[in-house]
Amino acid sequence: MSETPIIRFENVTKYYDAETTVLTDINFELERGKFYTLLGPSGCGKTTILRLIAGFMQPSGGNIYFNGKLINNVPANERQVNTVFQDYALFPHLNVFENVAFGLRIKKLGKQEIQEKVLEALKFVNLSGYENREIAEMSGGQRQRVAIARAIVNDPEIILLDEPLSALDLKLRSEMQYELRELQQRLGKTFIFVTHDQEEALAMSDEIFVLNAGNIEQSGTPMDIYDEPINRFVADFIGESNIVSGTMVADFRVRIGGKEFECVDQGLNPNENIDIVIRPEDLEITTVEKGKMKVKVDTQLFRGVHYELSTYDDEGNEWLVHSTKKAEVGAFIGLDFDPEAIHVMRLNETEEEFDKRLESYGEDAYAN
Amino acid sequence: MQTKNTKTFYLIPYFAWILLFVIAPIALIAYYSLFDLSGNFTLDNYKNFFTSIYLKLTLSSFWYAFLITFFSLIVAYPTAYLLTKTKHKQLWLLLIIIPSWINLLLKTYAFIGIFGLYGPINAFLNVFGFGETQILFTDFSFIFVSVYIFIPFMILPIFNALDKLNPSLIDASRDLGASSWTTFTKVIFPLTTNGVKAGIQAVFIPSLSLFMITRLIAGNKVITLGTAIEQQFLVTQNWGMGSTIAVFLIIFMVIVMIITGQREKGATSNGKN
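Protein chains in written order, with the UniProt record's numbering: chain A, 1 to 368; chain B, 1 to 273.
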């Protein structure tokens, strides 16, 4: 990366008092014009990172750089960053036009210019003709758009979005996912999106940061994170997964329970204890004879696109299976899977070590 | 039908109260205002009210009520704002409210002692070489004590309005480039005007009819509509004129309530959306 990152966190920590640490040593760099997502359960520190970038909080330690300039002590109103708040935080005493114009009026732009920019921003979010409406008259989805218009009208370098879709119903939410993604590409601005919804994160982001308890567990493209989770937490948090303990017998051989399977991982210590992830959609239902594993079907749910089967093997491990094929509850079935379906996770591996290990496998292992 | 009957039953105390203590007294005041000293029906009382003496009295009443409200507001708003920022805000609020539970007369007497010629204020001023100063029976002492008495009623509604204000609105304002001061004038104050209005109502209206403080602290130098009514009834025994002033006082109060009672847009959502 030759270009200066638009945001750089350097050993950033945040704590309120000795007992409550929110962030422990956060380091990352963000490139201009990308869609980033901070993903994690509530209380993981994702909103704190956003508030640090917005300037509503100061870090307890470490440095935050914006375009290479230290901004630790720059107040929120002097940062070229605008936020779309979780509850939208629209001003109830102002109408739609005045809400969007708020930032421009503070910059003391001319009347004509404000008029033009506000109408343009409202057009951008498909709210033309709504400028004289009161906020109370707008629906949740419309308020969301007003909040976005109010942020983009100021032409900030970065737009921060704090779980902006969480208050919307499912259908509207998936619509807004498309719209936000499209908006980001049209504007070419850096978006930092905070969510606890992994589907949202996978659908929209260029890069995802998975956070847990004040730490970045893993960062990467949605596919990297989904296909190669670094540890149990990430595997569990992103998508449905079957996580079991196992042993690395040798390169390309893992043992789960009593059985050995072929895999694509190498370079681990012989007989090292590991966690293994197999995604439910990578498991295929077959006959007991043909299957690599024999399991008993416990429950079966129809999920629309697929059936979700909860099955148990002889050792009592649960295996979740997503299949378009139906099975019979109580029956024994065989499960088949490719060697690539097995993802091996070393215990307590850091992100650096993890990346190095994956690189050492070379390209051929990922041909499929 | 059962529920309808019980509903009517529960409404009886309410209507009885309204009839006995609201409608009847107002009707009586209106009735008495139509008679002169010797008991003859007349409209002269109303004519007299529009003479210079009573108009001046009304004006001075309004002026003092305005001053009391104004000083209460400029002390109460920053106080309420600071209170919402403190850690144990309910406790601090309670400490401000507690004095209002003490009898008004007792507090007023206490100020006679404090402001008196041999009181602690004069003793303090003496240290700096000021001679004995007459503090009691001045406009200053009257307004000071009145503000002291009324201030909890100004703080409380403003505190509630500020406390209900969605903090992310303040973040949003800062985020959009507003300084702290602009945030105050463009977001915080406009969204708490309802609290301010309620506070003005709670202070201005009772200030119009103050009479006990005017007598004890201002030594009857300040004459308000309240003192005028008292004197008409107890000194001059002119119930007709006293009632007439009371009728006007009620009219003024209604006007003040209408002016300060308008609901701002967005007020129903308590500053949140």
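A hint or two may mislead.
[Unchecked claim] Taking lysine-lysine and the PhoX-like style, the derived pairs with C-alpha atoms no more than 20 Å apart in a straight line are:
# : chain 1 : residue 1 : chain 2 : residue 2
1 : B       : Lys-186   : A       : Lys-111
2 : B       : Lys-89    : B       : Lys-164
3 : A       : Lys-292   : A       : Lys-326
4 : A       : Lys-108   : B       : Lys-186
5 : A       : Lys-69    : A       : Lys-108
6 : A       : Lys-111   : A       : Lys-69
7 : B       : Lys-186   : B       : Lys-164
8 : A       : Lys-259   : A       : Lys-294
9 : A       : Lys-107   : B       : Lys-164
[What the hints assert, rightly or not] DEER-style ranges, computed between Cβ atoms:
#  : chain 1 : residue 1 : chain 2 : residue 2 : range
10 : A       : Asn-72    : B       : Trp-92    : 28 to 34 Å
11 : B       : Ile-102   : A       : Asn-73    : 45 to 51 Å
12 : B       : Trp-92    : A       : Glu-31    : 44 to 50 Å
13 : A       : Gly-61    : B       : Phe-128   : 47 to 53 Å
14 : A       : Leu-109   : B       : Gly-219   : 54 to 60 Å
15 : A       : Lys-107   : B       : Leu-59    : 43 to 49 Å
16 : B       : Pro-78    : A       : Thr-4     : 57 to 63 Å
[Stated by the list, open to error] To give an idea of the chain A side of the interface with chain B (calculated C-beta under 7 Å), a few residues:
#  : residue
17 : Phe-56
18 : Pro-59
19 : Ala-76
20 : Thr-83
21 : Phe-102
Since the hints were derived computationally from the structure, they do not count as laboratory data.
Yeah, the Cβ is synthetic: ideal placement off N, Cα and C, and Gly gets one too.
Taking the hints in turn, this is what the structure says about them:
1. Pair hint Lys-186 (chain B) plus Lys-111 (chain A) holds up; C-alpha atoms about 18 Å apart against a cutoff of 20 Å.
2. Only pairs whose Cα atoms come within 20 Å are accepted, and Lys-89 (chain B) paired with Lys-164 (chain B) is accepted, the gap being roughly 13 Å.
3. Straight-line distance between C-alpha atoms of Lys-292 (chain A) and Lys-326 (chain A) comes to about 19 Å, which keeps the hinted pair within the 20 Å bound.
4. For the suggested pair Lys-108 (chain A) and Lys-186 (chain B), the alpha carbons sit about 14 Å apart, so the restraint of at most 20 Å is met.
5. The suggested pairing of Lys-69 (chain A) with Lys-108 (chain A) is violated, with an alpha-carbon distance near 26 Å, which exceeds 20 Å.
6. At most 20 Å may separate the alpha-carbon atoms for a hinted pair to count; Lys-111 (chain A) and Lys-69 (chain A) exceed this at roughly 33 Å.
7. At most 20 Å may separate the alpha-carbon atoms for a hinted pair to count; Lys-186 (chain B) and Lys-164 (chain B) meet this at roughly 17 Å.
8. Between Lys-259 (chain A) and Lys-294 (chain A) the alpha-carbon distance is near 11 Å, which keeps this suggested pair within the 20 Å criterion.
9. The hinted pair formed by Lys-107 (chain A) and Lys-164 (chain B) fails the criterion: a straight-line CA distance of about 29 Å is larger than 20 Å.
10. Asn-72 (chain A) and Trp-92 (chain B) have their C-beta atoms about 32 Å apart, which keeps the hinted 28 to 34 Å range intact.
11. For the pair Ile-102 (chain B) and Asn-73 (chain A), the beta carbons lie near 47 Å from each other, so the given range of 45 to 51 Å is met.
12. At about 48 Å, the CB distance of Trp-92 (chain B) to Glu-31 (chain A) agrees with the hint of 44 to 50 Å.
13. The hint said 47 to 53 Å for the Cβ distance between Gly-61 (chain A) and Phe-128 (chain B), and at roughly 50 Å that hint holds.
14. A beta carbon spacing of about 59 Å between Leu-109 (chain A) and Gly-219 (chain B) agrees with the range 54 to 60 Å that was offered as a hint.
15. At about 46 Å, the beta-carbon gap between Lys-107 (chain A) and Leu-59 (chain B) stays in the expected band of 43 to 49 Å.
16. For the pair Pro-78 (chain B) and Thr-4 (chain A), the supplied restraint of 57 to 63 Å is violated, since their beta-carbon distance comes to about 44 Å.
17. For Phe-56 (chain A), the shortest C-beta to C-beta distance to chain B is roughly 5 Å, which falls under 7 Å, so the interface hint holds.
18. Look at Pro-59 (chain A): its Cβ only gets to about 17 Å from chain B, farther than 7 Å, so that hint breaks.
19. For Ala-76 (chain A), the suggested interface contact is upheld, since its CB lies about 4 Å from the closest CB of chain B, less than 7 Å.
20. Nearest Cβ of chain B to the Cβ of Thr-83 (chain A): about 5 Å, under the 7 Å cut. The hint holds.
21. Against a cut-off of 7 Å between C-beta atoms, the interface hint on Phe-102 (chain A) holds, since the closest Cβ of chain B lies about 5 Å away.
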